[in-house]
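Work out the full structure, taking the sequences as your base and the hints as a guide.
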Amino acid sequence: MAVPPRFPRDQWYVAALSDEVGPTLLARTVLNEPLVLHRTAEGTVSVLADRCVHRRYPLSKGTLTERGIVCGYHGFTYDDSGLCTAVPGQSRVPRTARVSTYPVVEQDTMVWVFIGDPDLADPAAIPRVEWLSDPAWTSVRSMAPLAARAGLLLDNLMDLSHETFLHAAYIGSPEVAETPIVTTVDDTTGVVRVERRMSDAECPPAYQALSGLDRISRWQDIEYHPPGLYLLHIRIAPPHTLPAADGSDPGGFRTEVLYAITPETDRSTHDFWIVGRSFELENPELDRRSIAAQSAVVQQDVDALNLLEEILVADGSDYQELSVNLDTGGLAARRQIERLSARQSVPR
Amino acid sequence: MAVPPRFPRDQWYVAALSDEVGPTLLARTVLNEPLVLHRTAEGTVSVLADRCVHRRYPLSKGTLTERGIVCGYHGFTYDDSGLCTAVPGQSRVPRTARVSTYPVVEQDTMVWVFIGDPDLADPAAIPRVEWLSDPAWTSVRSMAPLAARAGLLLDNLMDLSHETFLHAAYIGSPEVAETPIVTTVDDTTGVVRVERRMSDAECPPAYQALSGLDRISRWQDIEYHPPGLYLLHIRIAPPHTLPAADGSDPGGFRTEVLYAITPETDRSTHDFWIVGRSFELENPELDRRSIAAQSAVVQQDVDALNLLEEILVADGSDYQELSVNLDTGGLAARRQIERLSARQSVPR
Amino acid sequence: MAVPPRFPRDQWYVAALSDEVGPTLLARTVLNEPLVLHRTAEGTVSVLADRCVHRRYPLSKGTLTERGIVCGYHGFTYDDSGLCTAVPGQSRVPRTARVSTYPVVEQDTMVWVFIGDPDLADPAAIPRVEWLSDPAWTSVRSMAPLAARAGLLLDNLMDLSHETFLHAAYIGSPEVAETPIVTTVDDTTGVVRVERRMSDAECPPAYQALSGLDRISRWQDIEYHPPGLYLLHIRIAPPHTLPAADGSDPGGFRTEVLYAITPETDRSTHDFWIVGRSFELENPELDRRSIAAQSAVVQQDVDALNLLEEILVADGSDYQELSVNLDTGGLAARRQIERLSARQSVPR
Numbered sequence: 001m002a003v004p005p006r007f008p009r010d011q012w013y014v015a016a017l018s019d020e021v022g023p024t025l026l027a028r029t030v031l032n033e034p035l036v037l038h039r040t041a042e043g044t045v046s047v048l049a050d051r052c053v054h055r056r057y058p059l060s061k062g063t064l065t066e067r068g069i070v071c072g073y074h075g076f077t078y079d080d081s082g083l084c085t086a087v088p089g090q091s092r093v094p095r096t097a098r099v100s101t102y103p104v105v106e107q108d109t110m111v112w113v114f115i116g117d118p119d120l121a122d123p124a125a126i127p128r129v130e131w132l133s134d135p136a137w138t139s140v141r142s143m144a145p146l147a148a149r150a151g152l153l154l155d156n157l158m159d160l161s162h163e164t165f166l167h168a169a170y171i172g173s174p175e176v177a178e179t180p181i182v183t184t185v186d187d188t189t190g191v192v193r194v195e196r197r198m199s200d201a202e203c204p205p206a207y208q209a210l211s212g213l214d215r216i217s218r219w220q221d222i223e224y225h226p227p228g229l230y231l232l233h234i235r236i237a238p239p240h241t242l243p244a245a246d247g248s249d250p251g252g253f254r255t256e257v258l259y260a261i262t263p264e265t266d267r268s269t270h271d272f273w274i275v276g277r278s279f280e281l282e283n284p285e286l287d288r289r290s291i292a293a294q295s296a297v298v299q300q301d302v303d304a305l306n307l308l309e310e311i312l313v314a315d316g317s318d319y320q321e322l323s324v325n326l327d328t329g330g331l332a333a334r335r336q337i338e339r340l341s342a343r344q345s346v347p348r
Numbered sequence: 001m002a003v004p005p006r007f008p009r010d011q012w013y014v015a016a017l018s019d020e021v022g023p024t025l026l027a028r029t030v031l032n033e034p035l036v037l038h039r040t041a042e043g044t045v046s047v048l049a050d051r052c053v054h055r056r057y058p059l060s061k062g063t064l065t066e067r068g069i070v071c072g073y074h075g076f077t078y079d080d081s082g083l084c085t086a087v088p089g090q091s092r093v094p095r096t097a098r099v100s101t102y103p104v105v106e107q108d109t110m111v112w113v114f115i116g117d118p119d120l121a122d123p124a125a126i127p128r129v130e131w132l133s134d135p136a137w138t139s140v141r142s143m144a145p146l147a148a149r150a151g152l153l154l155d156n157l158m159d160l161s162h163e164t165f166l167h168a169a170y171i172g173s174p175e176v177a178e179t180p181i182v183t184t185v186d187d188t189t190g191v192v193r194v195e196r197r198m199s200d201a202e203c204p205p206a207y208q209a210l211s212g213l214d215r216i217s218r219w220q221d222i223e224y225h226p227p228g229l230y231l232l233h234i235r236i237a238p239p240h241t242l243p244a245a246d247g248s249d250p251g252g253f254r255t256e257v258l259y260a261i262t263p264e265t266d267r268s269t270h271d272f273w274i275v276g277r278s279f280e281l282e283n284p285e286l287d288r289r290s291i292a293a294q295s296a297v298v299q300q301d302v303d304a305l306n307l308l309e310e311i312l313v314a315d316g317s318d319y320q321e322l323s324v325n326l327d328t329g330g331l332a333a334r335r336q337i338e339r340l341s342a343r344q345s346v347p348r
Numbered sequence: 001m002a003v004p005p006r007f008p009r010d011q012w013y014v015a016a017l018s019d020e021v022g023p024t025l026l027a028r029t030v031l032n033e034p035l036v037l038h039r040t041a042e043g044t045v046s047v048l049a050d051r052c053v054h055r056r057y058p059l060s061k062g063t064l065t066e067r068g069i070v071c072g073y074h075g076f077t078y079d080d081s082g083l084c085t086a087v088p089g090q091s092r093v094p095r096t097a098r099v100s101t102y103p104v105v106e107q108d109t110m111v112w113v114f115i116g117d118p119d120l121a122d123p124a125a126i127p128r129v130e131w132l133s134d135p136a137w138t139s140v141r142s143m144a145p146l147a148a149r150a151g152l153l154l155d156n157l158m159d160l161s162h163e164t165f166l167h168a169a170y171i172g173s174p175e176v177a178e179t180p181i182v183t184t185v186d187d188t189t190g191v192v193r194v195e196r197r198m199s200d201a202e203c204p205p206a207y208q209a210l211s212g213l214d215r216i217s218r219w220q221d222i223e224y225h226p227p228g229l230y231l232l233h234i235r236i237a238p239p240h241t242l243p244a245a246d247g248s249d250p251g252g253f254r255t256e257v258l259y260a261i262t263p264e265t266d267r268s269t270h271d272f273w274i275v276g277r278s279f280e281l282e283n284p285e286l287d288r289r290s291i292a293a294q295s296a297v298v299q300q301d302v303d304a305l306n307l308l309e310e311i312l313v314a315d316g317s318d319y320q321e322l323s324v325n326l327d328t329g330g331l332a333a334r335r336q337i338e339r340l341s342a343r344q345s346v347p348r
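Chains as they are written, first to last, in the working numbering: chain A, 1 to 348; chain B, 1 to 348; chain C, 1 to 348.
Among the hints, erroneous ones may be present.
[Stated by the list, open to error] Simulated DEER-style distance windows between Cβ atoms:
hint	chain 1	residue 1	chain 2	residue 2	range
1	A	Gly43	B	Arg215	37 to 45 angstroms
2	A	Thr265	B	Gln320	17 to 25 angstroms
3	B	Glu42	C	Pro180	33 to 41 angstroms
Hints in this document: simulated from the structure, not taken from any laboratory. The structure presented is a predicted model; accordingly, all values stated were derived computationally and were not measured. Even glycine gets a Cβ: it sits at the ideal position worked out from N, Cα and C.
Shown next, in the form of structure tokens:
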């Protein structure tokens, strides 16, 4: 079972973070489908195919007016439902003049779209991430463009032992790679969980300022919702300590890391990330440090995965792998992609 | 009928503007054929295949001497007829050592070449552009390299309604897109004419300094000679005025815009342009403004068409269009390309 | 017989100059095979496949430690024999975890590798270059990356008449191209010799400062050992002089130029060069001038050959050549490549 070359179409993916979408035109390609997004006067998100019906000029290069999106080439105009409402030089608009629209749900500060068969688009299938709308939490966020297939990012995130080597300067420590993982799969939901719990580990640089500790109890609990949502629940606490029986954890720091893995094309990916915390909510300096550290870590991954993508293409079908214990999470995740891909609609 | 992927070979195309060709070697590819041009001692233009017979090094990288073109790699030497006259290290020159030459006609300040079957090269088939040699006219000119197929440039020029949207800052005004066109095709010559005449229109920025008018009568008369010559006859005058019955037009400004559309490869084009006027002949400041305005407009087209070329390639055979009234000119032009392409020689 | 598209695999090639290989990881691709080289604690050269068995991350991006090469992604560790000795998160290392190693010989200040069937790797087949280890000689050296197939570099070097045209400013003079060559092939060893001896020639710029002469006797004796080693024996002396019968040559300057032609991929080449002299051994200023002149000449070749590679690809199978007397050396060399390619192992 190799790196999945493609992700399934009949699924919800994050197309944008909510704060990326405003009253201007945003071009974004998802699963090879060029989209143009904007926030309507009503505050909802409109998602249209980013190709004028006339000569295929990208609508995202046009202008957003009160009458809708006006194409920047010849002025064909579209309302939020994708209907063409004006054609230059004639009063009649051809009945077939309409661009595709896509099911969209904005939830938990993210904009989800459905590229496949719209009849299969069930909003209830989108996983909730409660802490994103919990006032006891704050977060920082961004998106990194990745010139590598989504499967390589999924592999990367499901096996955090790479932190020890690729991210040594930020979040790596020897114990991450040394500590065995526990992998479980929920056959009903497809959710894959990978737990790695270190009771007495070196505190990596990124956590020292935060915790003031040299050695820590460190938990990394991955919760992967196929195909595109990855949640990492982190606990940092003094060594050999556990939360209380009632769940309270006065000595522990909890942080959440969310990745949304959205294929752009067969060989590029939108790598969305959100880092949340439930302490020091109003601390802009901590925000800045958090953004800097996470951006640096993500860039290390991007550099490595872009290189691997080049290698996969150059090596062609000769690609071979050897999997070991720490790959159980990644292999389980790949199986979920295969399972979801088995039954899907054809591209429209 | 989609954008023509290729233009016909058995036709004359502009390879260069006359002032580009001097006593130095000029490399230029036309219809995928690499050419080297120079002006001979007699003042005529020589056009040879730009590949040495020996190891295919481009002759344009060599030097032009009294003995002819000397290849910059091993010194094979060619006279203006393409005959190899000297080979290093031996006195005998192989009889087959000769590079192709191409029919060439210099006329109306442009250099025309014929890439296809030379037996079909009739100089009388090259359309004349009299104002280019009329002392009552002056002009500015240049060539913009376009990373898009020639058909996209033809589409662009045949439908000037795009001026309203793409060129709003220079030559666009609402009336261009709003005013219907009249399209006629001469079945004998294949010439396509598209007339758009606005009797009371907003004066676009590029014409205000020239005319001193806020509103104008504006005529745009396109005269397309397939496959590669596009003439735009422009009249700017006070609103609701017409030329006199004898053709005189004291209140009107006449300008001419010429485009020569020459395919370089299947996906790139030489976009030659000349802008002429019959007033203020000796006005270098007006020359400069004319060059600046036209260069800016052409660059807007180049940017848009380069983007469309990428989209055509990315979308592959899924490419679909919806044509409306304002496309009658462009569609008529495409039909001429198809007609001329139907019977043609095979590449030599 | 066209430019060889590929060079034979079951042959020794120079992978690096000795001084390029130290106690750090050096990535180098030879015949499409990605390699990682380093000098071991014992001083020998280790050559391993540059792909971790786990997820194919390049080992050259990892770190070299006392335990061996540690992969920079997940920490798989390899000893100098390519054996994987440590896997993170588990004590057992899979038995099949091993990367390929390659036969390697360091000789005469160059590192030779054998990419094909290792059973055919006979170190005695590597040609010796005695002057490289002779204390009476000194040298300067470097490697130029070439974005062209190795056959184009071989063509270039076997026909030095191009010096007159491509390198006029450095080592060209009219007599090089005018003087006929004598080509001989040793059918047993495959060595091709091309001699060009000018008894009274213009002294090119690069030799004037050296010799103080305006006209010279100039010998260029090529000795090509297929597939990858090219030796050029140069004698510069006063016109019409010969060495003495006992071989002594008090009025002559002897220099040696060595090229190692190593295919990187099917369309790129490592162009190693060494320039040696047996006079003024301790003259850093002469070293600097020699490096500057040879680098400039090599760059002229690189520019020309990169252009020819683009032409070969663009022209496709239409590629045609016309060969003349001065090509006898190049054609003989191509035949040796064909002969060596006829019987070879399949890629592993």
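The hints, checked one at a time:
no., hint, result
1, A:Gly43 with B:Arg215: 37 to 45 angstroms, "holds, 41 angstroms"
2, A:Thr265 with B:Gln320: 17 to 25 angstroms, "holds, 20 angstroms"
3, B:Glu42 with C:Pro180: 33 to 41 angstroms, "holds, 36 angstroms"
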